[in-house]
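K.L.:
As given, the protein sequences belong to chains C and A, one line each in that order. Just so you know, we're using my numbering here: the first sequence kicks off at 302 and counts up by one. Just so you know, we're using my numbering here: the second sequence kicks off at 48 and counts up by one.
Hints in this document: simulated from the structure, not taken from any laboratory. Glycine is no exception: its CB is placed at the ideal position from the N, C-alpha and C atoms. Heads up, some of the hints might be wrong.
What the hints assert, rightly or not - Reference listing, derived: stretches of chain A covered by chain C, where coverage requires no fewer than 3 residues with Cβ under 8 angstroms from a Cβ of chain C:
| hint | segment |
| --- | --- |
| 1 | 120-134 |
| 2 | 163-172 |
| 3 | 190-196 |
| 4 | 205-215 |
| 5 | 253-263 |
| 6 | 278-285 |
One-letter residues, chain by chain:
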Amino acid sequence: MAVIVFIESQEGVIKKAGLEVASYGRSIADAQGLKLIGVGFNIKDPLVLELYGLDQLCNIDTQEDSFFDVERYSSSIAKIVEKENASIVVISASADARYLGPILSVKVDAAYVSNVVELPSQYGPLKVKRSCFTNKAFNETQSEKKCTLISLSSNSFGLKEKSGTMKVTSETYSDSQSSLKVSSLDKITDKVSIADADIVVSGGRGLKGPENWHLIEDLAEVLGAATACSKPVSDMGWRSHSEHVGQTGKPVASNLYIAIGVSGAIQHLAGINSSKIKVVINNDPEAPFFKAADYGIVGDAFEVIPKLIEKLKARNL
Amino acid sequence: MNILVCISNVPDTTSKINFKENNTAFDTQGVQFIINPNDEFGLTRAIWLQQKLGAKVTVVTVGDLSCEPILKKCLAIGADKAIRIDVKPQDGLQVASCLASICKKTEYDLVITGRESIDYNGGMVGGILAAQLKIPYLANCIQLELEGSNINLQREIDGGKENLTASLPIVIGAQKGLVEEKDLIIPNMRGIMQARQKPLEIVAPETTICYSLVQNFEKPEEKGPVKLVDAEDIDGLIDLLENEAKVL
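Please model the complete structure; the sequences and the hints are all you need to start from.
P.N.:
Below, the structure is given as structure tokens:
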């Protein structure tokens with residue numbers, strides 16, 4: 302018996318989400334007295350995982366195939382889940398992990414529970430808290446299967462170091478095939494993605510037009526943040542859909558979320574509710590966002606933001 | 048070409064969420080139900096294929112009688128036929144298994160689900176359905192173009208897009224981007240009248256197996272009031288974020 306975690310990496314470097322699922326998996330393995338095994342693909346720097354309590358890493362070399370192939374990835378992980386007779390499998394909430402999860406759950410005949418926000422409250426049967434109604438509520442879900450596959454909401458558990466010794470083994474890449482093939486990637490490499498960002502700076506209709514977005518971009522740059530926008534902004538074509546956060550857009554679970562000129566419609570607030578600290582800057586003191594925020598400034602974004610950028614720049618020096 | 052669009056009946060996006068029966072059930076009182084937004088993007092794309100290629104569009108939902116108004120809306124939007132699998136499902140696996148039994152009876156070239164429903168947010172029905180049917184699945188689908196029996200697709204990934212090709216049949220998880228908000232079809236009187244003549248078939252579920260059970264619900268804790276900072280006091284805001292919230 303073992304706990305298995307899917308360690309995601311990008312160009313061989315382990316992502317923060319990978320360390321978070323390792324931390325979470327370690328806590329479960331300790332509670333259950335089980336071994337913690339990570340499964341990763343093309344990982345170049347495995348040693349860091351020893352700090353997060355992995356007992357073993359199965360590193361799979363995908364050879365010439367550098368794209369995320371959901372069929373081959375899920376079959377490769379499934380083989381290890383079966384071999385180790387795992388009772389709990391943990392994956393992150395990244396786009397790739399959430400894509401892989403349901404497919405993997407069928408291959409290993411596991412109960413799939415997504416949006417998990419805490420450690421299980423009991424084992425046998427496993428019971429765990431997850432968010433639902435786009436963060437407007439939580440529910441406790443009980444697994445009815447021997448094996449449970451958990452998708453952990455990002456930033457909900459955090460990173461917890463626990464050193465030990467880890468062995469690295471290499472496993473073979475499954476040759477399972479489907480007609481679906483990745484042909485190319487359009488990756489925005491010079492920007493932080495919303496999913497990976499610790500800080501997100503978001504703009505709404507209050508910015509009056511796309512020509513004023515340099516305010517959002519400059520603030521994001523000085524903070525090392527990702528940029529986002531409200532639904533009307535993406536619907537009007539001021540910004541790309543990939544930046545739309547909210548109920549029908551992307552969820553945000555950053556440490557800090559700064560909303561500028563966003564009124565705070567219930568659908569928007571639902572999508573950003575998992576962010577730890579929310580700051581609102583809006584000239585309308587009646588904007589609903591003030592009820593959801595931790596800190597607020599009632600003021601004109603066109604005056605406040607340049608000053609904020611200047612002060613942050615001075616602080617960084 | 049046969050297209051199946053899987054529809055979920057969900058509370059309107061502006062709904063206040065409340066629970067009843069000692070927090071074990073969702074309180075539907077005063078709640079307006081709608082077609083799950085991700086499913087509606089998928090339905091619109093299917094209707095375009097119907098208009099362009101003469102594809103036949105069937106919509107299906109897994110749910111009790113209360114789901115019929117949204118199925119009728121789908122017919123008014125332009126779907127040719129509706130199916131309701133008459134069971135109140137417990138989890139996403141049960142929904143997917145019910146849908147799989149429909150797909151085994153009739154061959155569909157393209158099966159469209161939404162990326163996730165906005166109530167349970169499981170994000171699992173499409174993937175489980177495809178895996179059960181042993182056909183490919185594409186999540187977070189933002190583009191779909193047919194070339195004969197081949198299909199060009201795009202998936203939204205963290206920080207970019209991925210371009211893919213596949214052959215039919217396939218299951219996709221639709222989301223905004225596949226069509227735009229402005230493309231959504233509002234049923235007109237003619238559509239509503241025609242919908243009355245279209246078939247709405249009710250079938251019994253072939254399976255009631257579920258892999259997980261919701262035990263109870265809770266709402267997030269009420270948060271404290273916002274701390275307001277004067278618009279002139281930018282240093283004060285930075286100080287709070289750095290030393291109190293510790294996020295800088």
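K.L.:
Confirm or reject each hint.
P.N.:
Each hint tested on the structure:
Counting residues of the segment 120-134 of chain A whose CB lies closer than 8 angstroms to any CB of chain C gives 0, which falls below the minimum of 3, so the coverage claim is violated. Requiring three or more residues with a Cβ within less than 8 angstroms of a Cβ of chain C, the coverage given for the segment 163-172 of chain A holds, as 8 such residues are present. Restraint check on the segment 190-196 of chain A versus chain C: 0 residues with Cβ-Cβ distances below 8 angstroms, three needed, restraint violated. Counting residues of the segment 205-215 of chain A whose beta-carbon sits less than 8 angstroms from any beta-carbon of chain C gives 10, enough to reach three: the coverage restraint holds.
With a cut-off of 8 angstroms between beta carbons, the segment 253-263 of chain A has 7 residues touching chain C; three or more are needed, and the interface restraint holds. Check result for the segment 278-285 of chain A against chain C: holds, 5 residues qualifying (beta carbon to beta carbon below 8 angstroms, three or more required).
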